[in-house]
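**Q** If you're matching them up, the sequences are chains A and B in order. Residue 1 is where the first sequence starts when you use this note's numbering, and the numbers rise one by one after that. Residue 136 is where the second sequence starts when you use this note's numbering, and the numbers rise one by one after that.
These aren't lab readings, by the way, just hints derived from the structure by calculation. Glycine included, C-beta positions come from ideal geometry on N, C-alpha and C. Treat the hints with care, as some may be off.
To be verified - Listed next, the stretches of chain A that the computed footprint assigns to chain B, with coverage defined by at least 3 CB atoms under 8 angstroms from CB atoms of chain B: (1) 41-54; (2) 120-126.
To be verified - Only part of the chain A face toward chain B is listed, based on derived beta-carbon distances under 10 angstroms: (3) Val2; (4) His8; (5) Arg10; (6) Ser17; (7) Trp19; (8) Arg25; (9) Glu31; (10) Arg32; (11) Ala89; (12) Ala97; (13) Gly101; (14) Leu102; (15) Leu106.
Claimed, not checked - With beta-carbon atoms standing in for the labels, derived distance ranges: (16) B/Arg236 with A/Gln117: 37 to 45 angstroms; (17) A/Ala18 with B/Arg176: 36 to 44 angstroms; (18) B/Lys163 with A/Ala54: 19 to 27 angstroms; (19) A/Gly67 with B/Gln139: 40 to 48 angstroms; (20) A/Arg90 with B/Ala170: 23 to 31 angstroms; (21) A/Asp57 with B/Ala144: 46 to 54 angstroms; (22) B/Arg236 with A/Pro86: 28 to 36 angstroms; (23) A/Ala14 with B/Arg236: 27 to 35 angstroms; (24) A/Gly67 with B/Ala170: 32 to 40 angstroms; (25) B/Val140 with A/Pro78: 38 to 46 angstroms; (26) B/Gly207 with A/Arg25: 45 to 53 angstroms; (27) A/Ser130 with B/Val140: 35 to 43 angstroms; (28) B/Arg176 with A/Met98: 20 to 28 angstroms.
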Amino acid sequence: MVRLLLSHARPELARLSAWLDEQERVLAMSERVAYAVRLCLEEAVANLIDHAPATSDIAVDLGWQGGVMVAAIEDRGPPFDPRMAPVRARPATLDDAMPGGLGIVLMRSFASDIDYQTASGCNRLTLRFSGVGPD
Amino acid sequence: MDMQVAEIAQGVARVVLKGRLDIQGAAKIDLEFSAVAGSRRGVVVDMSEVTFLASIGIRVLVLGAKALQRRGGSLVLLSPTPDVEQVLEVTGITDLLPIMRDEAAAVAAVTA
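From just these sequences and the hints, can you work out the full model?
**A** Right, here's the structure in full:
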């Protein structure tokens with residue numbers, strides 16, 4: 001697994017994006033996997049930066065495990081298990097469609113599997129991408 | 136992210152977006168897109184060269200559609216790539232913003 005450390009600040013999302021450009025090539029991801037990984041990581045990290053207190057850096061790990069692309073995000077903020085978040089209803093109006101929860105919808109759809117663990121003040125969100133994506 | 140605007144009918148604009156509509160891309164076009172949506176009665180957004188769409192990009196599109204809707208106008212999306220369309224579909228945006236494949240039909244939809 002390769003690791004990127006990000007400060008708890010919005011401009012760091014540009015650094016995450018550039019790092020993903022490089023890792024897509026180095027790790028030889030298919031376009032489908034690369035899209036899903038980028039989408040889930042950018043949504044997850046943006047959620048942490050926007051909603052969690054800036055208590056520590058955010059670590060992003062990425063690599064293949066047995067033919068499955070695995071991405072993990074570690075932080076030391078208050079625990080938040082996205083698997084437990086209420087399922088957002090499909091928007092009926094444009095007002096309903098404003099983001100706030102869309103990132104979790106996207107992660108649930110584009111990642112093949114989501115795991116979350118918290119221990120000793122450290123939270124780890126693990127996303128697996130089998131290559132099938134949301135189909 | 137690059138944005139080009141062309142007038143295709145009275146009060147109707149075709150907006151061509153190119154690149155990633157992620158946080159950086161959304162920040163780059165947000166003001167100009169809002170200005171276009173706030174001053175037209177119809178907008179066709181050509182999504183065929185948008186290579187990536189995140190939730191922040193959806194926000195830009197929805198805000199534009201809301202600005203148009205308030206004045207009785209409308210916004211349609213033209214020819215998104217399959218990955219981008221998947222993002223629009225799973226978030227339910229396709230229920231609210233029509234996706235069209237034919238430019239003439241898209242123009243007709245926002246000029247009706």
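**Q** Taking the hints in turn, state whether each one holds.
**A** Status of each hint after checking the structure:
1. 41-54: With 3 residues in contact (Cβ-Cβ under 8 angstroms with chain B), the coverage given for the segment 41-54 of chain A holds.
2. 120-126: violated (count 0)
3. Val2: Constraint on A/Val2 not satisfied, violated at 21 angstroms.
4. His8: violated (15 angstroms)
5. Arg10: Because about 7 angstroms separates A/Arg10 from the closest Cβ in chain B, which is inside the 10 angstroms limit, the hint holds.
6. Ser17: Hint holds; A/Ser17 Cβ to chain B Cβ min 7 angstroms, cut 10 angstroms.
7. Trp19: With Cβ-Cβ at 13 angstroms, over 10 angstroms, it is violated.
8. Arg25: violated (15 angstroms)
9. Glu31: With a minimum Cβ separation of about 8 angstroms from chain B (threshold 10 angstroms), the hint on A/Glu31 holds.
10. Arg32: Check passed: Cβ of A/Arg32 comes within 8 angstroms of chain B, closer than 10 angstroms.
11. Ala89: With a minimum Cβ separation of about 8 angstroms from chain B (threshold 10 angstroms), the hint on A/Ala89 holds.
12. Ala97: With Cβ-Cβ at 5 angstroms, under 10 angstroms, it holds.
13. Gly101: With Cβ-Cβ at 9 angstroms, under 10 angstroms, it holds.
14. Leu102: Given a least distance of 4 angstroms, the restraint on A/Leu102 holds.
15. Leu106: Interface hint status for A/Leu106: holds (6 angstroms vs cutoff 10 angstroms).
16. B/Arg236 with A/Gln117: 37 to 45 angstroms: holds (44 angstroms)
17. A/Ala18 with B/Arg176: 36 to 44 angstroms: Holds: the Cβ-Cβ distance is about 39 angstroms, inside 36 to 44 angstroms.
18. B/Lys163 with A/Ala54: 19 to 27 angstroms: holds (25 angstroms)
19. A/Gly67 with B/Gln139: 40 to 48 angstroms: Holds: the Cβ-Cβ distance is about 42 angstroms, inside 40 to 48 angstroms.
20. A/Arg90 with B/Ala170: 23 to 31 angstroms: Roughly 30 angstroms apart at Cβ, these two residues keep to the hinted range, so it holds.
21. A/Asp57 with B/Ala144: 46 to 54 angstroms: holds (51 angstroms)
22. B/Arg236 with A/Pro86: 28 to 36 angstroms: holds (35 angstroms)
23. A/Ala14 with B/Arg236: 27 to 35 angstroms: holds (33 angstroms)
24. A/Gly67 with B/Ala170: 32 to 40 angstroms: About 48 angstroms separates the Cβ atoms of A/Gly67 and B/Ala170, which means 32 to 40 angstroms is violated.
25. B/Val140 with A/Pro78: 38 to 46 angstroms: holds (43 angstroms)
26. B/Gly207 with A/Arg25: 45 to 53 angstroms: holds (48 angstroms)
27. A/Ser130 with B/Val140: 35 to 43 angstroms: holds (41 angstroms)
28. B/Arg176 with A/Met98: 20 to 28 angstroms: holds (23 angstroms)
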